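Number of protein chains: 2
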Amino acid sequence: MKPYAQMTKEERSAEYAALQKEFQNWKSRGLSLNMARGKPGKAQLDLVSDIFGLMQKPEDYVSGGIDVRNYGEMAGLPAAKALFAEILDCKPEQVFVGGNASLQLMFDTISKAYTHGLLHSPRPWGREETVKWLCPAPGYDRHFKITEFFGFELITVPMTETGPDMDLVEEAVKDPAVKGIWCVPKYSNPDGVIYSEDTIQRFANLNAAAPDFTIMWDNAYCIHEFKGDYVPFPDILSLCADAGHPDMVFEFASTSKVTLPGAGVSCFACSAANMTHMTGLLTPQVISFDKVNQQRHVLYLQNKAHTLELMKKHASIMGPKFRAVLNALEKEIAPLDIASWKRPKGGYFVSVNAMPGTAKRTWELCREAGVTLTGAGATFPYGKDPQDRNIRLAPSLPPVEELEQAIAIFCLCLKLSALEKLGV
Amino acid sequence: MKPYAQMTKEERSAEYAALQKEFQNWKSRGLSLNMARGKPGKAQLDLVSDIFGLMQKPEDYVSGGIDVRNYGEMAGLPAAKALFAEILDCKPEQVFVGGNASLQLMFDTISKAYTHGLLHSPRPWGREETVKWLCPAPGYDRHFKITEFFGFELITVPMTETGPDMDLVEEAVKDPAVKGIWCVPKYSNPDGVIYSEDTIQRFANLNAAAPDFTIMWDNAYCIHEFKGDYVPFPDILSLCADAGHPDMVFEFASTSKVTLPGAGVSCFACSAANMTHMTGLLTPQVISFDKVNQQRHVLYLQNKAHTLELMKKHASIMGPKFRAVLNALEKEIAPLDIASWKRPKGGYFVSVNAMPGTAKRTWELCREAGVTLTGAGATFPYGKDPQDRNIRLAPSLPPVEELEQAIAIFCLCLKLSALEKLGV
Chain A
1 MKPYAQMTKE ERSAEYAALQ KEFQNWKSRG LSLNMARGKP GKAQLDLVSD
51 IFGLMQKPED YVSGGIDVRN YGEMAGLPAA KALFAEILDC KPEQVFVGGN
101 ASLQLMFDTI SKAYTHGLLH SPRPWGREET VKWLCPAPGY DRHFKITEFF
151 GFELITVPMT ETGPDMDLVE EAVKDPAVKG IWCVPKYSNP DGVIYSEDTI
201 QRFANLNAAA PDFTIMWDNA YCIHEFKGDY VPFPDILSLC ADAGHPDMVF
251 EFASTSKVTL PGAGVSCFAC SAANMTHMTG LLTPQVISFD KVNQQRHVLY
301 LQNKAHTLEL MKKHASIMGP KFRAVLNALE KEIAPLDIAS WKRPKGGYFV
351 SVNAMPGTAK RTWELCREAG VTLTGAGATF PYGKDPQDRN IRLAPSLPPV
401 EELEQAIAIF CLCLKLSALE KLGV
Chain B
1 MKPYAQMTKE ERSAEYAALQ KEFQNWKSRG LSLNMARGKP GKAQLDLVSD
51 IFGLMQKPED YVSGGIDVRN YGEMAGLPAA KALFAEILDC KPEQVFVGGN
101 ASLQLMFDTI SKAYTHGLLH SPRPWGREET VKWLCPAPGY DRHFKITEFF
151 GFELITVPMT ETGPDMDLVE EAVKDPAVKG IWCVPKYSNP DGVIYSEDTI
201 QRFANLNAAA PDFTIMWDNA YCIHEFKGDY VPFPDILSLC ADAGHPDMVF
251 EFASTSKVTL PGAGVSCFAC SAANMTHMTG LLTPQVISFD KVNQQRHVLY
301 LQNKAHTLEL MKKHASIMGP KFRAVLNALE KEIAPLDIAS WKRPKGGYFV
351 SVNAMPGTAK RTWELCREAG VTLTGAGATF PYGKDPQDRN IRLAPSLPPV
401 EELEQAIAIF CLCLKLSALE KLGV
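If you read the sequences in order, they're chains A and B. Our numbering numbers the first residue of the first sequence as 1 and each following residue consecutively. Our numbering numbers the first residue of the second sequence as 1 and each following residue consecutively.
With the rest of the complex left out, here is chain A (with noise of 0.2 angstroms):
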């Protein structure tokens, strides 16, 4: 098979039949597959049951002489402030440790900035004429989405092989309207692009206009390698500090994908600032969080070392599901010069470009045979595509055999697209 583009109007329109019939095959099947949202599949689900096993015994109530049942400690179980200090290469007293969803605690940060101002701050975000926000993208949805709630102004800084374009970020924060960016540091979404040393060093020298410029620092995806070992990544807080801007980061994980999505546990990590003002903006919300929980994922990843073990294992089941998507495009459409891709070693996505103009084109195709996909345009500030091109694929949640069909439906719903664009 040859690039569609050097195919003559005739050899394209002979394509475009023969797979149209193939679409009209798989459509009749009315499958409902999903590669929509990184949700974990239920191998993975599985893989954690011994976590309810525990918290069996009196002793495991007790943490640091706490009883972790009752009400208290509302930065959260130092045994977890510890455990997240270990993955994250930083310092527990810098961890606040809260509830079931690091997304929540992003939208305090955000929302707590609105009404009444970060530590820098010179009045309440919401008091601003405007506010500005940087939004690398290729980017993730619910990022966008938060700052876009409370009425900022989303500007797009591409995404490039190292991380989002630090020329634009310099340029930007020069202007004082500028208050933060979203990252996600390590395989972003969707990308799986790891931000270089270069990258990561540039953004702890930023010298932001705004004195409350915030970097949200989501490392969402630190410990989540499927393909090689783990990748050791530095500690922004660290770098931050170094340039003495210690208090321009907050730090985001979970272990949404590490034990269970939803039900596992969130943390920030900031300066000790930060941590006072953040702390002082929390009180009048939340007397604790689920410390039970906390104490139920100390006990059962342990340390770095035992939790890495349990990534490896996520591993073995992620990285068929990824090689079985890599494949297909390779092998499908690689010869048609119609997408590319990037090849991730870790995170959750796969993020496909198609032909400039085909990307809802394809959506839809794939919703017609029954493949739900992330609504394309999701990946840019207020859901626009300017390019229209952007595609995320989500492997994990489908079982290999289900994700074989789904990617090989995406396939043709993609050549469908690039043919009709070109002229069928």
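Where hints are given, some of them may not hold.
[Claimed, not checked] Anything over 10 angstroms on all C-beta distances counts as not near chain A; from chain B, calculated:
(1) Glu22
(2) Pro40
(3) Leu54
(4) Glu59
(5) Glu86
(6) Gly99
(7) Ala101
(8) Thr115
(9) His116
(10) Arg123
(11) Ala243
(12) Gly262
(13) Ala263
(14) Lys345
[As the list claims (entries may be wrong)] Heads up, simulated DSS-like pairs for lysine-lysine below, C-alpha to C-alpha not over 30 angstroms straight-line:
(15) A:Lys57 - B:Lys360
(16) A:Lys312 - A:Lys345
(17) B:Lys57 - A:Lys313
(18) A:Lys42 - A:Lys342
[Unchecked claim] Covered, in the sense of this in silico footprint (three residues per stretch, anywhere, with C-beta under 8 angstroms from a C-beta of chain A), are these stretches of chain B:
(19) 283 to 296
(20) 335 to 342
The set of hints was computed from the structure by calculation and includes no laboratory data. Nothing here was measured: the structure is a model prediction, and the numbers come from that model. All C-beta atoms in this analysis are idealised placements derived from N, C-alpha and C, irrespective of residue type, glycine included.
Chain A is already provided as a structure; the job is to place chain B on it using the hints.
Just chain B, lined up with the frame of chain A:
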């Protein structure tokens, strides 16, 4: 012993000198006793240990076809909604089941009103010139703090034997700046008052000038009798709906004092229209709450009747503690005519009104002797009791032996501060 006010100054001086010796004795023992917060005691926590043994079998992970271990169902597990609906006597579809804390849900409701507005808000409350809020007092300090945090003007409404002074409430809501009221309608915090049917009906019939006037109905102690049988309680949602105000109320509840404080499950209940509006506002913040813990509670509590059986066991632990406190007050303080108090049959507190101008002094003396109480003034808006007389006792945490010491010291300090006030 006769009332202090009827004593001569010499008699009071002699009494004061004798009590001072007793005080020094207690002080020298270096005790550390706590009656400050409504924390369940260890015996209550041990009561529910079986909850940790659940969720062992694969079928336990699935509820109504939903794998509780994965993301999804933001408004809560249907089975958990049904459980709370039975307890609160409302409809399952009116219930949103959240995380470990109803305080968080209350905070979120006010926070969303502030940043975005409630269903009938002309604009976000943060854009209003002034927001006024009614605070029945004595009341719950954490309620008052939430509305203080957002800069509302707190207006004190005196509590009566039948609930808040409804004449004042009906008058106050004629002001369109008055946006809502805090209520703990059953076993009010701290008075232990059950709102009368007439009070509740007047709430449902309130004709507030503000279109978005909101009753924050914190039914925290809805099944928390420690003396006598379960007391049925009207469903405020249907009363408000019948009165033509379906969207005027949000009800809250949790299992913090049914299963585990800070590790239970919380909920709010509201009209269908409010549910749509509020889930929309929560979408950017939450993927889903901890459904594993929701399911754990469904399996453990089963239904209302079974839950009430558990509450009887809590009552058997709480009852003696309240008796110890009330007996001591009756024996030591009643004859002296220096304080009054309520005799609640449920809830978590005993509300003592000391001689005006002596609550802070009593609190200080208690602290000196090693007894921690809720801060004097805490039960009023801004932490300021205009008469400096209300003290909230929380007898639940200490074992009975310790509690007997704590209440003995409290009575002693009440006497000392009354004598100082009367002159010695």
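Each hint, compared with the structure:
For glutamate 22 (chain B), the non-interface assignment is confirmed: its Cβ lies about 32 angstroms from the closest Cβ of chain A, beyond the 10 angstroms cut-off. Listed as outside the interface, proline 40 (chain B) is inconsistent with that label: its C-beta sits roughly 7 angstroms from the nearest C-beta of chain A, within the 10 angstroms cut-off. With a minimum CB-CB distance of about 8 angstroms to chain A, leucine 54 (chain B) fails to clear the 10 angstroms threshold, and the non-interface call is violated. At roughly 12 angstroms from the closest C-beta of chain A, the C-beta of glutamate 59 (chain B) stays outside 10 angstroms, upholding its exclusion from the interface.
Interface exclusion of glutamate 86 (chain B) from chain A stands, the closest Cβ pair being 24 angstroms apart, more than 10 angstroms. Look at glycine 99 (chain B): its CB is around 6 angstroms from the nearest CB on chain A, not clear of 10 angstroms, so calling it non-interface is violated. For alanine 101 (chain B), the requirement that its beta carbon stay farther than 10 angstroms from each beta carbon of chain A is not met, with the minimum near 6 angstroms. Residue placement check: threonine 115 (chain B) does not keep its beta carbon more than 10 angstroms from all beta carbons of chain A (closest about 6 angstroms).
Some Cβ of chain A comes within 10 angstroms of the Cβ of histidine 116 (chain B); the nearest lies about 8 angstroms off, and the non-interface call is violated. The claim that arginine 123 (chain B) lies off the interface holds: its Cβ sits roughly 13 angstroms from the closest Cβ of chain A, which is beyond the 10 angstroms cut-off. Against the 10 angstroms criterion, alanine 243 (chain B) stays outside the reach of chain A, whose nearest CB is about 31 angstroms from its own CB. At roughly 5 angstroms from the closest C-beta of chain A, the C-beta of glycine 262 (chain B) falls inside 10 angstroms, breaking its exclusion from the interface.
At roughly 4 angstroms, the least C-beta separation between alanine 263 (chain B) and chain A is not larger than 10 angstroms, which violates its mark as non-interface. With a least CB separation of 24 angstroms from chain A, lysine 345 (chain B) remains clear of the 10 angstroms interface cut-off, as annotated. At roughly 43 angstroms between alpha-carbon atoms, lysine 57 (chain A) and lysine 360 (chain B) are farther apart than 30 angstroms, so this suggested pair is violated. Under the criterion of a C-alpha separation no larger than 30 angstroms, the hint pairing lysine 312 (chain A) with lysine 345 (chain A) is consistent with the structure, at around 13 angstroms.
Proximity of lysine 57 (chain B) to lysine 313 (chain A) is assessed by CA-CA distance (about 21 angstroms); at most 30 angstroms being required, the pair is judged to hold. The suggested pairing of lysine 42 (chain A) with lysine 342 (chain A) holds, with an alpha-carbon distance near 26 angstroms, which does not exceed 30 angstroms. Given as covered by chain A, the segment 283 to 296 of chain B passes the check, having 11 residues with a CB less than 8 angstroms from a CB of that chain where 3 are the minimum. A stretch counts as covered by a chain when three or more of its residues have a beta carbon under 8 angstroms from one of that chain; for the segment 335 to 342 of chain B and chain A the count is 0, and the coverage is violated.
Hint violations for this structure: numbers 2, 3, 6, 7, 8, 9, 12, 13, 15, 20, all remaining hints satisfied.
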